[in-house]
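> Sequence:
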Amino acid sequence: MSNTTLLLHIGLPKTGTATLQRTLFLNHPQVHYLGKIVTDNDTKKGCIDDLTYSILDPVLWALKSPMDTEATLSLFQDKLLPTISEERVLVGSWEGLGTRDMELHVEMLDRIKAIFGGCRIMITLRNPLSLLPSLYLQYLGGYFIRQNKVRLSSRSYVDIETWYSTGVAKLDSSTLMNCCDCIRSSIEKLGRENVGVFLFEDLKDKPTTYYQSICEFMGIDSEMGVSLAQGKHFNTRLSEAQLAYMREIDSSWTKFFHSSKSREEAFNAKADGPPAKAVLNDQLIREVSDATRVGHRWLVENLNLPLEKYGYPL
165 MSNTTLLLHI
175 GLPKTGTATL
185 QRTLFLNHPQ
195 VHYLGKIVTD
205 NDTKKGCIDD
215 LTYSILDPVL
225 WALKSPMDTE
235 ATLSLFQDKL
245 LPTISEERVL
255 VGSWEGLGTR
265 DMELHVEMLD
275 RIKAIFGGCR
285 IMITLRNPLS
295 LLPSLYLQYL
305 GGYFIRQNKV
315 RLSSRSYVDI
325 ETWYSTGVAK
335 LDSSTLMNCC
345 DCIRSSIEKL
355 GRENVGVFLF
365 EDLKDKPTTY
375 YQSICEFMGI
385 DSEMGVSLAQ
395 GKHFNTRLSE
405 AQLAYMREID
415 SSWTKFFHSS
425 KSREEAFNAK
435 ADGPPAKAVL
445 NDQLIREVSD
455 ATRVGHRWLV
465 ENLNLPLEKY
475 GYPL
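Quick note: the sequence shown, position 217, residue 381 per my numbering, numbers continuous.
Hints listed in this document are in silico derivations from the structure and should not be mistaken for laboratory results. Do not take every clue at face value.
30 angstroms max Cα-Cα, derived DSS-like pairs, lysine-lysine [said to hold, decoys possible]:
id: 1; residue 1: Lys-473; residue 2: Lys-368
id: 2; residue 1: Lys-243; residue 2: Lys-208
id: 3; residue 1: Lys-208; residue 2: Lys-441
id: 4; residue 1: Lys-208; residue 2: Lys-434
id: 5; residue 1: Lys-243; residue 2: Lys-228
id: 6; residue 1: Lys-353; residue 2: Lys-396
id: 7; residue 1: Lys-277; residue 2: Lys-396
id: 8; residue 1: Lys-277; residue 2: Lys-370
id: 9; residue 1: Lys-425; residue 2: Lys-209
id: 10; residue 1: Lys-228; residue 2: Lys-441
id: 11; residue 1: Lys-441; residue 2: Lys-396
id: 12; residue 1: Lys-434; residue 2: Lys-473
id: 13; residue 1: Lys-425; residue 2: Lys-208
id: 14; residue 1: Lys-228; residue 2: Lys-277
id: 15; residue 1: Lys-425; residue 2: Lys-441
id: 16; residue 1: Lys-209; residue 2: Lys-277
id: 17; residue 1: Lys-370; residue 2: Lys-425
id: 18; residue 1: Lys-396; residue 2: Lys-473
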């Protein structure tokens, strides 16, 4: 068994993950980054290379299939480990790993420990009442460009209630609860000191302090980390004008059947201006609050997180 601990950042979406991946994790000299690489990379799952994917696939993703522990461990120790400086922290970052059901999450932790010898988990939370509208707008823009006819049912625009109720969100009530359960099970398996929980709202309010806290948990130079990450933003926000254009296309069959290229050009031309906003109706607020309240209370009572300050359902 190796004694090289893997520090795994597990999402959530819309919590500044791309900034961490593209600046801090990728460029900090005290980090050996395994992925996700989000630009110019054809390797499966965005791993840094094919060797890394071969090691991580049975550990992080192919969890319903038996892992050949001996072969995977040999591949890691003989091929990858010699390339890792002892002074560097081994880091991986993939959204979605923190919202699985508990059986898969615990299996992942066990496999990480079997191959790397140790595991640390890092996750940034966000109030789901603001996360869902942000996620909706991101998906809406992406689906408009791609004209995903299955998810949008040949429409260029759907309201947030339809998006959520038809499952397009990929973030249903059970998934929202799974996030808190993943944190709890990680603490039970790894110990509190090996699970770092951070808040997106702290990033918005106090970015310097937020990135310092991330670096301190990772055990890397925080001054350099802050300089790499602070002020960097990579996910373009949907504008009010773009949202209005999507609604216009959706209400006009003539414009809907324009070429995808012409729609995309018109869409991109409207990128400037105030950001678009989406609001949850009362029914969705109740549903999301009911789904997450118990988990949030556990986080407050056991981790002393200031969730009430940021309006999390309690």
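> Please go over all the hints and tell whether each is borne out by the structure.
Status of each hint after checking the structure:
A hinted pair counts as satisfied when its Cα atoms are at most 30 angstroms apart, and Lys-473 with Lys-368 qualifies at roughly 13 angstroms. With a C-alpha separation of about 18 angstroms, the suggested pair Lys-243 and Lys-208 falls inside the 30 angstroms cut-off, and the hint holds. Using a Cα cut-off of 30 angstroms, the hinted pair Lys-208 and Lys-441 is violated, with the two alpha carbons roughly 34 angstroms apart. At roughly 33 angstroms between alpha-carbon atoms, Lys-208 and Lys-434 are farther apart than 30 angstroms, so this suggested pair is violated.
Under the criterion of a C-alpha separation no larger than 30 angstroms, the hint pairing Lys-243 with Lys-228 is consistent with the structure, at around 25 angstroms. At roughly 34 angstroms between alpha-carbon atoms, Lys-353 and Lys-396 are farther apart than 30 angstroms, so this suggested pair is violated. In summary, the hint linking Lys-277 to Lys-396 is not supported, as the alpha carbons are separated by about 33 angstroms, beyond the 30 angstroms threshold. Distance hint between Lys-277 and Lys-370 is unfulfilled; the C-alpha atoms sit about 34 angstroms from each other, more than 30 angstroms.
Distance check on the hinted pair: Lys-425 and Lys-209 sit about 28 angstroms apart at the alpha-carbon level, within 30 angstroms; holds. Taking the CA atoms of Lys-228 and Lys-441, the gap is about 39 angstroms. The hint is violated against a cut of 30 angstroms. The hinted pair formed by Lys-441 and Lys-396 meets the criterion: a straight-line CA distance of about 22 angstroms does not exceed 30 angstroms. For the hint linking Lys-434 to Lys-473, the alpha-carbon distance of about 36 angstroms lies beyond 30 angstroms, and the restraint is violated.
In summary, the hint linking Lys-425 to Lys-208 is supported, as the alpha carbons are separated by about 28 angstroms, within the 30 angstroms threshold. This hinted pair checks out: Lys-228 and Lys-277 have alpha carbons roughly 17 angstroms apart, not beyond 30 angstroms. Of the pairs offered as hints, the one joining Lys-425 and Lys-441 holds, with about 26 angstroms between alpha carbons and a cut-off of 30 angstroms not exceeded. Our distance criterion of 30 angstroms between C-alpha atoms is met by Lys-209 and Lys-277, whose separation comes to about 21 angstroms.
Proximity of Lys-370 to Lys-425 is assessed by CA-CA distance (about 41 angstroms); at most 30 angstroms being required, the pair is judged violated. With a C-alpha separation of about 25 angstroms, the suggested pairing of Lys-396 with Lys-473 holds against the 30 angstroms cut-off.
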